[in-house]
Amino acid sequence: MNNTEIAKVFYDVADLLDLKGENPFKIRAYQKAARSIEHSSVELEQVVKEGKNLREIPGVGEAIEQKIIDLVKTGKLKLFEDPKKEFPKGITTFLDIPGVGPKTANLLATELGITSIEELEAAIVSGRVSKLYRMGDKTAENILHNIQALRRKDQRIPIGEALTVVDEITAQLKDVPGLKNLVAAGSLRRFRETIGDIDLMGTASDAEAVINAFTTLPFVHEIISRGQTKASVRVAGGLQVDLRIMEHEDFGSLLQYFTGSKEHNIILRKRALRQGFSLSEYGITDVKTGELEKFATEEAFYKRLGLQYIPPEIREAGREIEKAAKGEIPRLIELGDIKGDLHVHTDWSDGRDSLEDEAAAAKERGYEYIAITDHSRGLGITKGLDVERLGKQIAAIKELNRKLKGIRVLTGMEVDIHADGKLDMPDEALVKLDFVIASIHSGFNESREKMMGRIIKAMENPNVDMYAHPTCRLLPGREPVAVDMEELFKAALRTGTILEINASPGRLDLKDKHIYRARELGVKMIMSTDSHSVEHLGFMRFDIGIARRGWCEAKDVLNTRPLREFLAALKK
DNA sequence: GCCGTTTTCGGCCCGACTGTTTTCAGTCG
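Following our numbering from start to finish, the first sequence increments by one per residue and tops out at 578.
Hints listed in this document are in silico derivations from the structure and should not be mistaken for laboratory results. Any given hint could be a false lead.
[Unchecked claim] For lysine-lysine, the following BS3-like pairs were computed, each having C-alpha atoms within a straight-line distance of at most 27 Å: (1) Lys-309 to Lys-329; (2) Lys-404 to Lys-438; (3) Lys-236 to Lys-144; (4) Lys-428 to Lys-438; (5) Lys-398 to Lys-428; (6) Lys-369 to Lys-411; (7) Lys-519 to Lys-530; (8) Lys-411 to Lys-438; (9) Lys-26 to Lys-84; (10) Lys-268 to Lys-519; (11) Lys-345 to Lys-369; (12) Lys-300 to Lys-329; (13) Lys-519 to Lys-38; (14) Lys-137 to Lys-109; (15) Lys-109 to Lys-95; (16) Lys-58 to Lys-79; (17) Lys-519 to Lys-577; (18) Lys-109 to Lys-26; (19) Lys-428 to Lys-577; (20) Lys-404 to Lys-345; (21) Lys-332 to Lys-276; (22) Lys-496 to Lys-428; (23) Lys-55 to Lys-519; (24) Lys-109 to Lys-268; (25) Lys-345 to Lys-561; (26) Lys-38 to Lys-82; (27) Lys-84 to Lys-14; (28) Lys-438 to Lys-577; (29) Lys-38 to Lys-58; (30) Lys-14 to Lys-95; (31) Lys-276 to Lys-38; (32) Lys-14 to Lys-55; (33) Lys-58 to Lys-329.
Make the full structure from the sequences, and use the hints.
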């Protein structure tokens with residue numbers, strides 16, 4: 007049972023308690039624990055097996071700890087005597103509908119005796135729903151509408167796509183008079199790998215004018231709500247975009263509040279209350295005097311609370327607040343720290359651009375080095391290199407290095423790992439290369455045991471410097487292959503193999519919590535783009551985002567080092 | 001159910017918007 011599955015059980019428990027009308031703080035406790043479990047960097051099943059303490063996970067106390075142990079050991083959780091008797095049948099399905107909370111779900115199930123979404127639709131059409139207490143035509147219609155939205159609801163979209171939407175919107179709104187500081191907050195700013203909706207913040211002298219401009223943008227499909235300072239719309243494809251406008255001098259507290267995460271803000275507020283402050287998007291209120299202090303910047307806001315500035319990417323209710331109180335927030339890695347890209351394809355295999363163009367583009371980015379790592383031949387579709395063409399490419403790179411100044415092109419290859427763990431290129435060829443990547447591009451459905459055997463065998467090869475896109479997942483769509491991350495990290499440490507943080511927006515692999523764990527263990531990591539064209543070198547900013555989420559500093563990543571130090575850190 | 005630089009008991013973040021009401025409950029973020 008993995009963390010996601012365990013978390014799901016506790017989310018469900020919270021829903022059921024909510025339906026029962028339980029103490030809301032108890033419900034929140036379960037939600038909080040679920041959320042912590044979901045984001046934990048270690049697998050709980052492992053922790054339970056090793057008999058270690060679960061109480062270090064925030065929000066997990068005596069009771070929930072015992073429930074996690076039961077759950078992991080038996081696969082079940084007995085919390086309700088007879089859930090079927092206690093809850094109207096089918097009630098939890100209603101909770102998935104946006105705008106339907108526990109109160110409404112309960113009302114629908116008990117008053118109308120319906121159990122499915124289909125029955126609910128029929129009940130709305132026949133007018134039975136709008137006659138219920140505190141319901142009306144409009145509410146019923148909204149529920150119907152939201153059922154349809156739920157059906158065509160796309161999954162969370164990869165951050166790469168969301169950033170494109172934001173770029174479009176900000177470009178269209180930039181000329182609205184008096185609008186300033188228009189930026190994305192929320193999960194986008196925290197750089198979560200996928201985004202559920204987009205939260206835009208801005209400041210303006212005339213909020214209403216901005217709200218009007220926003221809600222009448224050409225690609226706005228539907229207006230969900232529109233108030234004086236805030237509006238929510240749906241754009242084509244179903245993505246929800248929220249805009250919130252405030253006064254210029256409130257920008258710091260506004261941005262802080264809407265960047266979240268929710269849990270980060272809750273902890274921050276509790277802490278502030280103990281200091282006699284109440285926090286809101288408008289600023290900090292002194293509870294005794296009722297006086298409101300405004301903040302134009304987030305830095306000033308955190309400072310007022312006695313905290314070091316906390317970068318958005320780590321505002322996830324881990325240990326960031328207590329660390330900030332002690333001044334222990336590290337300087338997280340930045341784009342400017344990166345000195346080279348180590349995973350680049352050219353038109354020698356399936357890339358679009360030439361060796362020369364890639365080298366020039368890397369130099370333009372200020373890099374000291376770039377490794378050319380075209381595919382090996384095993385990947386039929388990618389016109390991969392065999393020994394002979396690899397030899398020619400090495401010669402071409404040597405020649406290029408003679409001509410180039412200010413950047414060193416390293417020879418390399420992304421060699422395929424076969425199903426039996428053998429590499430798709432003889433060692434005599436690999437040994438000549440500066441940098442060798444091994445990775446999997448086929449046989450994704452192997453069992454955990456086979457998969458690990460295959461990967462570890464490749465890592466044990468002294469010519470293999472890096473194991474790339476370690477879980478092979480694709481966003482959205484392909485689930486990670488059966489990799490045991492703890493075992494992988496151990497093997498990486500033992501063999502001195504580097505793990506890649508692949509920046510391709512459809513991969514982001516290692517992901518944030520794996521990066522966090524690998525860093526804790528001292529596993530060597532490289533951030534690289536897997537470029538197939540010169541534009542892709544720009545994917546590095548995605549890697550920076552997720553590496554920061556994993557609390558990475560420059561020293562945790564090998565390609566922040568100057569060339570000589572970088573080469574010295576490789577296996578050979 | 002969790003948790004502690006007031007507390008091992010008594011608290012638990014804060015505000016906007018909608019739709020239904022006629023002062024507010026429910027939902028959301």
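- Message: Let me make sure I understand: some of the numbered hints might not hold for this structure. Which ones are they, in numerical order?
- Response: Going through the list in order, the structure violates no hint and respects every one.
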